[in-house]
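Chains as they are written, first to last, in our numbering: chain A, 939 to 1122; chain B, 939 to 1122; chain C, 939 to 1122; chain D, 939 to 1122; chain E, 939 to 1122; chain F, 939 to 1122.
None of these hints come from the bench; they were simulated from the model.
Be aware that one or more of the hints could be misleading.
Which copy is meant is left open, so a pair is good if it fits within one copy or across any two.
As the list claims (entries may be wrong) - In silico lysine-lysine, DSS-like type, Cα no more than 27 Å apart, as pairs: (1) Lys1103 / Lys998; (2) Lys1103 / Lys1116; (3) Lys1090 / Lys1116; (4) Lys1116 / Lys1096; (5) Lys1100 / Lys1090; (6) Lys1103 / Lys1090; (7) Lys998 / Lys1090.
Protein chains: 6
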Amino acid sequence: MLAALSACRYTPDMPRDSTRRRAVYAGSFDPVTEGHMFMIREGARLFDRLVVAIGTNPGKQYTFTLDERLDALRRCTARIRNVSIDRFESRFLVDYARSIGASYILRGVRTAHDFEYEKTMRHINGDMAPGLSTVFLIPPRELAELSSSFVKGLVGPKGWPKVVKQYVPAPVYRQFLKRFGPKR
Amino acid sequence: MLAALSACRYTPDMPRDSTRRRAVYAGSFDPVTEGHMFMIREGARLFDRLVVAIGTNPGKQYTFTLDERLDALRRCTARIRNVSIDRFESRFLVDYARSIGASYILRGVRTAHDFEYEKTMRHINGDMAPGLSTVFLIPPRELAELSSSFVKGLVGPKGWPKVVKQYVPAPVYRQFLKRFGPKR
Amino acid sequence: MLAALSACRYTPDMPRDSTRRRAVYAGSFDPVTEGHMFMIREGARLFDRLVVAIGTNPGKQYTFTLDERLDALRRCTARIRNVSIDRFESRFLVDYARSIGASYILRGVRTAHDFEYEKTMRHINGDMAPGLSTVFLIPPRELAELSSSFVKGLVGPKGWPKVVKQYVPAPVYRQFLKRFGPKR
Amino acid sequence: MLAALSACRYTPDMPRDSTRRRAVYAGSFDPVTEGHMFMIREGARLFDRLVVAIGTNPGKQYTFTLDERLDALRRCTARIRNVSIDRFESRFLVDYARSIGASYILRGVRTAHDFEYEKTMRHINGDMAPGLSTVFLIPPRELAELSSSFVKGLVGPKGWPKVVKQYVPAPVYRQFLKRFGPKR
Amino acid sequence: MLAALSACRYTPDMPRDSTRRRAVYAGSFDPVTEGHMFMIREGARLFDRLVVAIGTNPGKQYTFTLDERLDALRRCTARIRNVSIDRFESRFLVDYARSIGASYILRGVRTAHDFEYEKTMRHINGDMAPGLSTVFLIPPRELAELSSSFVKGLVGPKGWPKVVKQYVPAPVYRQFLKRFGPKR
Amino acid sequence: MLAALSACRYTPDMPRDSTRRRAVYAGSFDPVTEGHMFMIREGARLFDRLVVAIGTNPGKQYTFTLDERLDALRRCTARIRNVSIDRFESRFLVDYARSIGASYILRGVRTAHDFEYEKTMRHINGDMAPGLSTVFLIPPRELAELSSSFVKGLVGPKGWPKVVKQYVPAPVYRQFLKRFGPKR
Chain A
939 MLAALSACRY TPDMPRDSTR RRAVYAGSFD PVTEGHMFMI REGARLFDRL
989 VVAIGTNPGK QYTFTLDERL DALRRCTARI RNVSIDRFES RFLVDYARSI
1039 GASYILRGVR TAHDFEYEKT MRHINGDMAP GLSTVFLIPP RELAELSSSF
1089 VKGLVGPKGW PKVVKQYVPA PVYRQFLKRF GPKR
Chain B
939 MLAALSACRY TPDMPRDSTR RRAVYAGSFD PVTEGHMFMI REGARLFDRL
989 VVAIGTNPGK QYTFTLDERL DALRRCTARI RNVSIDRFES RFLVDYARSI
1039 GASYILRGVR TAHDFEYEKT MRHINGDMAP GLSTVFLIPP RELAELSSSF
1089 VKGLVGPKGW PKVVKQYVPA PVYRQFLKRF GPKR
Chain C
939 MLAALSACRY TPDMPRDSTR RRAVYAGSFD PVTEGHMFMI REGARLFDRL
989 VVAIGTNPGK QYTFTLDERL DALRRCTARI RNVSIDRFES RFLVDYARSI
1039 GASYILRGVR TAHDFEYEKT MRHINGDMAP GLSTVFLIPP RELAELSSSF
1089 VKGLVGPKGW PKVVKQYVPA PVYRQFLKRF GPKR
Chain D
939 MLAALSACRY TPDMPRDSTR RRAVYAGSFD PVTEGHMFMI REGARLFDRL
989 VVAIGTNPGK QYTFTLDERL DALRRCTARI RNVSIDRFES RFLVDYARSI
1039 GASYILRGVR TAHDFEYEKT MRHINGDMAP GLSTVFLIPP RELAELSSSF
1089 VKGLVGPKGW PKVVKQYVPA PVYRQFLKRF GPKR
Chain E
939 MLAALSACRY TPDMPRDSTR RRAVYAGSFD PVTEGHMFMI REGARLFDRL
989 VVAIGTNPGK QYTFTLDERL DALRRCTARI RNVSIDRFES RFLVDYARSI
1039 GASYILRGVR TAHDFEYEKT MRHINGDMAP GLSTVFLIPP RELAELSSSF
1089 VKGLVGPKGW PKVVKQYVPA PVYRQFLKRF GPKR
Chain F
939 MLAALSACRY TPDMPRDSTR RRAVYAGSFD PVTEGHMFMI REGARLFDRL
989 VVAIGTNPGK QYTFTLDERL DALRRCTARI RNVSIDRFES RFLVDYARSI
1039 GASYILRGVR TAHDFEYEKT MRHINGDMAP GLSTVFLIPP RELAELSSSF
1089 VKGLVGPKGW PKVVKQYVPA PVYRQFLKRF GPKR
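Go ahead and model the full structure; you've got the sequences and the hints to work with.
Put into structure tokens, the structure is as follows:
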């Protein structure tokens, strides 16, 4: 079974056209954090094209609307020329990825616990779409604790805006103030 | 401190010339396994150029000679046009990577335990060379247990060649037989 | 304190009557997956009798009804002569196990994270019922990602039935189609 | 691929003759600890026959001689009627297990770190010998820290015999005193 | 950057007045368990003053009322002279800690999974309040599985009061009986 | 069994005299790193007296001599008034701790893997000396990768002194240059 893997018999199936190195970075982005921004910037360096896609699930509740999230992603990536923003619904990520011609899924991993989950998804996605590879990055130390739900968990206590501001890009910070700030 | 990361102020420092996507995949390769071959094939797809480099450490004992390991890598990658084989000694990996113009370090991660170690090295390397990114891949399930020392640990018991053969490319298998096979 | 464990003073408390090797494999089975089926087949080989028991919790919501789950288990184990299907409610697993004369609890462990939880339960159950041992199996690699909630999470995206079908036995697949399939 | 697993089509390949439930519990036993004794006692309850086998590796250094280790195992299991002691060399565990008609490998798992290793070996052994299953037990809390190397690491500091005595059966304690005790 | 840490240039910023060693042990205490009591007793030994504080979150549902929880803590710590009970709401723990003059946060860690979370919070809290240190204790083995939600999960099955009683102090046990016991 | 822990019956066995809060921070310190210095500074704040003790093991090889290590610790802690430097040999840490009147062992934990080991030692030490508590600190993120063996592993490649310098206090850096620097 493993024999088929033997490199010595390997023939590259086609010359790689670099414009084909297209990746998807998918998530809820509810909201976008500085951790996501790290991934997007690095993904834009690593791939020829990076599609940042909001996957929506009809049965799930979100804190920010789809429009708010799309808007935040667009504003935050406006200056990165090879990044585009998209959304998909009622489709498996691998099917969406293939439909836009992507050969890569980009994922961030922060902790050993994350890793177990990401390994599971990588194997499942590999079963569903053998030609699609998953590529992982580890965010820098100062972003290691950051997740959307972590940031949302900071809202409430006195002084929260100053704390939240550290972890999200400016357009998202404004969305937080608008949503959770003092009523005028 | 985190402000500098804000994506909205991000200006890509230069248009990416895709020929610059050069990566190093370094190790002892003592010996090359099918797990390494997975990484090399995937790395050759992901990057414009992949340099597979044997890092040698004067104070360390190896099972196979440097020449045997270089030879095995060359034979196993002969048909992958954008892979080259190299070696380095008495240098930090990040310094070697910069000296050959690489912007990426490629690493495989198999288990949560691996992950802790790889995260450490990613942070240290990021401190030493901020422009150099580390990119991770997870090998497929059937290679999840594979490491050079695992394979070497299989040598000895009756019937070992048949077992070892499953985990290494053919040129490495021949090296195993030559080194550990029955004396004539 | 450990002295009492010393094997050299050990006297087996009774000759083992092999018909006494009775085990319980308990869960919600909401729904039964191929991962559960691996455990049941292996449990049927390992023990003289295996009771597969659905533990129900009045305060919890299930996707499939108790009858659907009992029916699926019965159909899927119909040909394994030493397996029987049962249910219990408002009882600790250890109390249920003792009430049916079982000396073993059978559990599957997939990941290091699972393991932490299973270790906790094994210790608690050992405190509550010292004569009852917990026995663990690790499913094969290709089932390592499988859980009931994982399978339910696959429902929805276009093409889900083909994906779900890989992970559940045929009677469960039919239940999925009936519950979530296109309305006629 | 998973279809072949479907339980509904399952036909047990033969009536299980309970005398066939034979297991191997293998290790270096250098030395036997109370943790091993827990495994042996539980294994003797779970299986019809348990073979405790010392696997020796010609290239490895041991603290106690093979004869000392065999002697300790024999003394410590003398009263457990369905346990026998054996040794094997230059063979894979799975080959040894098959040669004595065992269908099970028995293993203890103490920590999440142990678990990663044991999962690896379970998969490899499953590849090499599909009919051989690995069964795991978790030792009780008070033995959770115990390993042969842990016990050997206790030798030296003033008062070590009293400490070592807690973790090993009496015959092994005497071997420790003889080997490391004050010279007369 | 790390240079500033060099101990050789270190000058203690002030003589430590031991009455300043004040710590906060915060949680929901819904309900207090024997695991919490271990932490409180140890904290009272380690610090000059230990403030056990219930942090409440307006959006969260609790099983026991704030008054019940405060009452239980007061009864259970009545004889430990340097412990006081408090509550805080709508504030970050670090802000609360500073407002009462505490220099330490006390935390318990039971498992590797706990540890990942606690490390995250320690770093975040260290960012928000550099002068505040987090100190960790590991509970003894027999309390390793204990958490408030674990104890609440025991309620229901026949015989639950006897089981719950083992894990909570007497005043909490009475609260459980009152809340969940048979209606008269 | 757990009853004895019940806090409500707790009577503090004696008024705590704060001068009794004495802790031991033990290790090989081969060599002292900035990670150790973090622990020492924090330990000096937390305890009334901190004894930093080099435990030596006759059978082990060290990179730096005992005198070099004692000298480095003395220089690096010269200005911290409540820290003293000591050594012990051929004794269990808990016996040494009791001999100098310490009630606490101080330990650093960096990763989940560290944690498993530290938990083991905490339980063993708690068994051997019930009155002795182990207190844990987590170093800041930028020291999370640091260990003595990590620093020694940096020696060799071109430019190593600049790298090593970041991780050790100045007196240790001078020892590194003396030991491994270019021969004149």
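Hint check:
| no. | hint | result |
| --- | --- | --- |
| 1 | Lys1103 / Lys998 | both (26 Å within a copy, 24 Å between copies) |
| 2 | Lys1103 / Lys1116 | within (13 Å within a copy, 45 Å between copies) |
| 3 | Lys1090 / Lys1116 | within (14 Å within a copy, 36 Å between copies) |
| 4 | Lys1116 / Lys1096 | within (16 Å within a copy, 36 Å between copies) |
| 5 | Lys1100 / Lys1090 | within (13 Å within a copy, 36 Å between copies) |
| 6 | Lys1103 / Lys1090 | within (11 Å within a copy, 37 Å between copies) |
| 7 | Lys998 / Lys1090 | both (16 Å within a copy, 14 Å between copies) |
In this structure, none of the earlier numbered hints is contradicted; all agree with it.
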